[in-house]
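Going down the list, the sequences are from chains B and S.
Sequence positions in the first sequence follow UniProt numbering and run 1 to 305.
Sequence positions in the second sequence follow UniProt numbering and run 1 to 466.
Misleading hints may appear alongside valid ones.
[What the hints assert, rightly or not] Here chain B is said to cover these stretches of chain S; the calculated rule only asks that three of the stretch's residues, wherever they fall, bring their Cβ under 8 Å from a Cβ of chain B:
1. 254-260
2. 267-281
3. 287-293
4. 418-429
Because the hints were derived from the structure by calculation, they are not lab data.
All figures in this text were calculated on a predicted structure; none of them were measured in a lab.
Quick reminder that beta carbons are idealized off the backbone N, C-alpha and C, glycines included.
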Amino acid sequence: MDPDFVERRRIGLENFLLRVASHPILCRDKIFYLFLTQEGNWKETVNETGFQLKADSRLKALNATFRVKNPDKRFTELKHYSDELQSVISHLLRVRARVADRLYGVYKVHGNYGRVFSEWSAIEKEMGDGLQSAGHHMDVYASSIDDILEDEEHYADQLKEYLFYAEALRAVCRKHELMQYDLEMAAQDLASKKQQCEELATGTVRTFSLKGMTTKLFGQETPEQREARIKVLEEQINEGEQQLKSKNLEGREFVKNAWADIERFKEQKNHDLKEALISYAVMQISMCKKGIQVWTNAKECFSKM
Amino acid sequence: MEGERLASPARSSGLPAGGAGGESPGVDAPLLGSSGSSTLLQAEVLDLDEDEDDLEVFSKDASLMDMNSFSPMMPTSPLSMINQIKFEDEPDLKDLFITVDEPESHVTTIETFITYRIITKTSRGEFDSSEFEVRRRYQDFLWLKGKLEEAHPTLIIPPLPEKFIVKGMVERFNDDFIETRRKALHKFLNRIADHPTLTFNEDFKVFLTAQAWELSSHKKQGPGLLSRMGQTVRAVALSMRGVKSRPEEFMEMNNFIEVFSQKINLIDKISQRIYKEEREYSDEMKEYGPIHILWSASEEDLVDTLKGIASCIDKCSKATEKRMSGLSEALLPVVHEYVLYSEMLMGVMKRRDQIQAELDSKVEALTYKKADTDLLTEEIGKLEDKVECANNALKADWERWRHNMQNDIKSAFTDMAEENIQYYEQCLATWESFLASQTDLHLEETSEDKLKNLLEDRLCLMGDKG
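Looking at chain B on its own, in the form it has when it is part of the complex:
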């Protein structure tokens, strides 16, 4: 395994744990605590939570297609933002990689000067020393790009983290959509049951139902039968109203917590990205200083030829 890759992964994993630890809510998670402290059996503990089933059904739900009638504007905007963030960061990372490749090319070709100057210096009496030492500086220049690009990889990793954060943002929006849809379906169901109940009670049939059709075809049901049906419906309506209430509560709680965390996330993101961008500038400065030094040395050698 490439040691540079392993190191970058190590840093990424450490960063992940630090992120969780600094989150006001996640840091209290029991599983997280066990992850950090329990030597063996951690996997068993996790499996016992039955998370796999939940995760699978959650995954299915997240991927299902459905339409919400009254989407929350804020979450819609957040989803757009996360799409944009993902798109722009991945574009930036792609082009950065291409720029890095080109830069690598420029530096490395100069290394060829080193070899050729050295061979040429063998036949030159006066120019020999100058050529030889200039060639050495060309070698230094060519090999300096390796460290420079290694540092840039760390910068790219910092941006990549927010690329993945964009996915996490989208997941939150999706969950909200799910809840909203659930709520709307429950409300719809309740409304239709109430209507059925009303129709049964008053005898008017406004909504189409199979029972209504069969009643028309095969004769009315008995009052007892009707009473029984109304009773069932009323129970269901009660249940439905309870459920709707709790779903509403759940929804409001979700939105409150979600937005609190989104605000926290925004601050963290602004801080982190600004720091990363500034560190990029610092890297460029260091690269320029190295370049000035090498070429100043080379120029001196050339002028002594």
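Model the placement of chain S on the given structure of chain B, informed by the hints.
Positioned in the frame of chain B, the structure of chain S alone reads:
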């Protein structure tokens, strides 16, 4: 940028600064130390050192020397050759100025070709006027080069730019190609003008001054096609025999030329490759910068930072283009000229070898033949003179060429280094000013330390609860 230097060969610059000819501003710092040429010539130099009157005479008045009758058949005394060289080294005394410009396309029913305007300004007496303007095409330059090679087979004639460029060329006449060629032709004529011997060549004068019809009729004179062919056949036959006894110094010279040719070709390739890589880098940078601007549209709090970075990247991309143009102005043409020079040098070595082979074959004939010995001896005598002349001409010109090459290469690479220094300094200034505008001078702990502390706190808390 003209890399032209009227440099003195190593030997004469060994003169003490106090000497009459030594005050000239054009001479570089004295390069003491032999360049491996004949010790005979060096002794002559030392003699001159002691006698300053001789120097004064030869440093100014050209009319004392009968340049126009200079012919390679006449043995040239080393003394007068040195003096010629010395004369040419005073930059204040440069009296022939040539420019090549204004490429123009000419279309006829048969062909399309480009002509270049050649303007010559001179104060020389042998020219009828002080200013000339003519138009010449590449073919004319080829003719001139051929004539110079014919007249001075063992002098190092400056190279002409290539006839065609093989790869990467769609049209023969695109602007870059024409401009590169124009610069090279300008260099070619100026090199001839600066050469102590070639500058007085009659065909050169005709080239610079004659109107188109005059040049055509002049071209028709001289040895006909058949006799030239005959010469070539003889030359090939002689070279087949191989050179039996090439003098030591020419063996060294040949060795140098072989290695030099190899290395300069590699350097040419490397330099072209660097140019290409820099171009591709600059192109990518042009796409890289604007992405940051795009990003800033969705990040209220990072607008300044992102726009700042985009602007820095843009400026660095422009700086790269400047670096590239510096490379193509200063380094690439010089290196390429020396690639062509190295081919030229091999040709010169061959011609020298041929002249010697001519002598060798006659000498061999003498040892086997018993009749016609008088005639042969006479011929051999002439050929011996011819060989000595050719060798001396080459030796002197070789020194001059080595010295020029050293200066040109040194100059070209020093310029390249300077371009790179300026490039990095520009970029440094750009990024530093961006950084200054961004950083609040807060001395808080880094966010990583913050997180680590938090983690420790949380663990303690949970540990207590568990």
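How the hints compare with the structure:
1. 254-260: Holds, because 4 residues of the region 254-260 of chain S bring their Cβ atoms closer than 8 Å to Cβ atoms of chain B.
2. 267-281: holds (count 8)
3. 287-293: holds (count 4)
4. 418-429: holds (count 8)
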